[in-house]
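Protein sequences, first through last, are from chains A and B.
Mapping the first sequence onto our numbering, position 12 (from 1) lands on 19, and the numbers just tick up by one.
Mapping the second sequence onto our numbering, position 168 (from 1) lands on 287, and the numbers just tick up by one.
One or more hints might be untrue.
25 angstroms max Cα-Cα, derived DSS-like pairs, lysine-lysine [said to hold, decoys possible]: (1) Lys118(A) - Lys124(B); (2) Lys225(B) - Lys249(B); (3) Lys121(A) - Lys231(B); (4) Lys231(B) - Lys93(A); (5) Lys124(B) - Lys121(A); (6) Lys215(B) - Lys225(B); (7) Lys225(B) - Lys121(A).
I should point out that these hints are in silico values taken from the structure, not numbers from a laboratory.
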Amino acid sequence: MAHIELENDLPGIRGLMAYRPETAGPLNALAEILLRDDNNTLTRGERELIGTYVSYLNDCFFCQNVHGALAGHYLNCNIDQIDAIKQDFAGSADLSGKMKALLNIAGSVQKGGKAVTEEQIALARTEGATDQEIHDAVLISASFCMFNRYVDGLGTAAPRDRQFYINRAPQRAEDGYLILR
Amino acid sequence: MAHIKVPEGVPGIRSLVMFRPETGKYLYDLAQELLRGESPLSQVDRELIAAYVSKRNDCFFCMSSHAAAARCLYGDDEAIVDEVLKDLDRSSLSDKLKALLHVAGKVQILGKEVTEADIEAARAEGATDKEIHDTVLIAAAFCMFNRYVDGLASLTPTDPEAYKEMGKRMVAGYNLPPQQS
Numbered sequence: 008m009a010h011i012e013l014e015n016d017l018p019g020i021r022g023l024m025a026y027r028p029e030t031a032g033p034l035n036a037l038a039e040i041l042l043r044d045d046n047n048t049l050t051r052g053e054r055e056l057i058g059t060y061v062s063y064l065n066d067c068f069f070c071q072n073v074h075g076a077l078a079g080h081y082l083n084c085n086i087d088q089i090d091a092i093k094q095d096f097a098g099s100a101d102l103s104g105k106m107k108a109l110l111n112i113a114g115s116v117q118k119g120g121k122a123v124t125e126e127q128i129a130l131a132r133t134e135g136a137t138d139q140e141i142h143d144a145v146l147i148s149a150s151f152c153m154f155n156r157y158v159d160g161l162g163t164a165a166p167r168d169r170q171f172y173i174n175r176a177p178q179r180a181e182d183g184y185l186i187l188r
Numbered sequence: 120m121a122h123i124k125v126p127e128g129v130p131g132i133r134s135l136v137m138f139r140p141e142t143g144k145y146l147y148d149l150a151q152e153l154l155r156g157e158s159p160l161s162q163v164d165r166e167l168i169a170a171y172v173s174k175r176n177d178c179f180f181c182m183s184s185h186a187a188a189a190r191c192l193y194g195d196d197e198a199i200v201d202e203v204l205k206d207l208d209r210s211s212l213s214d215k216l217k218a219l220l221h222v223a224g225k226v227q228i229l230g231k232e233v234t235e236a237d238i239e240a241a242r243a244e245g246a247t248d249k250e251i252h253d254t255v256l257i258a259a260a261f262c263m264f265n266r267y268v269d270g271l272a273s274l275t276p277t278d279p280e281a282y283k284e285m286g287k288r289m290v291a292g293y294n295l296p297p298q299q300s
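Just chain A, with the same shape it has in the complex (with noise of 0.2 angstroms):
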């Protein structure tokens, strides 16, 4: 049960959406430039795996399953695979040094945008990372600090089968944030 009466029964973020849409037009919009613009030098799946990493440290079930299953999707891998790098992503052997590095970016932001380091910056730009990618990386992670705090300061409620995740992922890549259905 949600805090508050929402009059509808969507999991999570949907319901909230649905809830108060004048919010949400612009909290889409913002998910689907972040996420899915094909104007960006890091792929899709790359971004669904940074908003995945900090849904993980936010503790936020929904976020961490819908987004998971959006970066298994794009990323080619199963979701154990996804689980993996989202306890040890530096361990990961699929994962690129510049990945690695807006990561470690990604879990700073989570904590505060303080905890951001310039030797974090410098180590990113030497893996290659374009200061859009650092920025993208950056609001992405904050983007997120937002999204899974709405998600659960409402106390929404989200399946805990983590299957349906799964199979919404190939509806929800092929109809983006704007497309709410």
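Mind docking chain B on chain A? Use the hints.
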């Protein structure tokens, strides 16, 4: 110095959205809807939530600018802003707003920190579901904005006069700054 190459001399989030207006547009749309759009909470109450959460996140830029906007909106009663930022419980704020700011403070820690008891306390003071919703989302959104501003180490003015001007501009609305040519 900001971590990425943003326009020189431009403070805070303005410099970041000028660097990347594609994402900035939706961030400003969100701020406008949350802080100036239709809501059962007054604009000044919403600015106060923003300033309070920004203070808890140790984001001097967002705290100072939104406190300045709140002071403008309070007019003769502007002293209450500093009372709240200094000691919420002992401030002369209404009990309802205190209860809502208490919820916002929980959201700042993490979504799951918000308890049924916190929500019930707000309800007992007369808060409606929509007021609780808007409080949680504003608090969550500032956990994003604060991390964005500090995570990229954007320019933070120290002169209080700079924020007075910003506050006046913010009262008029949140509009994406024009691009520098």
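For Lys215(B) and Lys225(B), compute the direct alpha-carbon distance and say whether it is at most 25 angstroms.
Given that 25 angstroms is the threshold and the Cα spacing comes to 16 angstroms, the pair holds.
Within a Cα-Cα threshold of 25 angstroms, do Lys118(A) and Lys124(B) meet the stated pairing?
Holds, at roughly 24 angstroms.
So if I understand the rule, the pair passes when the alpha-carbon distance is 25 angstroms or less; does Lys225(B) with Lys249(B) pass?
18 angstroms, holds
Given the hint that Lys231(B) pairs with Lys93(A), does the C-alpha gap stay at or below 25 angstroms?
20 angstroms, holds
Please work out if Lys225(B) and Lys121(A) have their alpha carbons no farther apart than 25 angstroms.
20 angstroms, holds
Measure nothing beyond the straight line between the CA atoms of Lys124(B) and Lys121(A); if it is 25 angstroms or shorter, mark the hint as holding.
Status holds; Cα separation ~18 angstroms.
Decide if the proposed pair is consistent with the structure: Lys121(A) and Lys231(B), CA atoms, cutoff 25 angstroms inclusive.
23 angstroms, holds
Comparing the model with each earlier hint shows no violations; every hint is respected.
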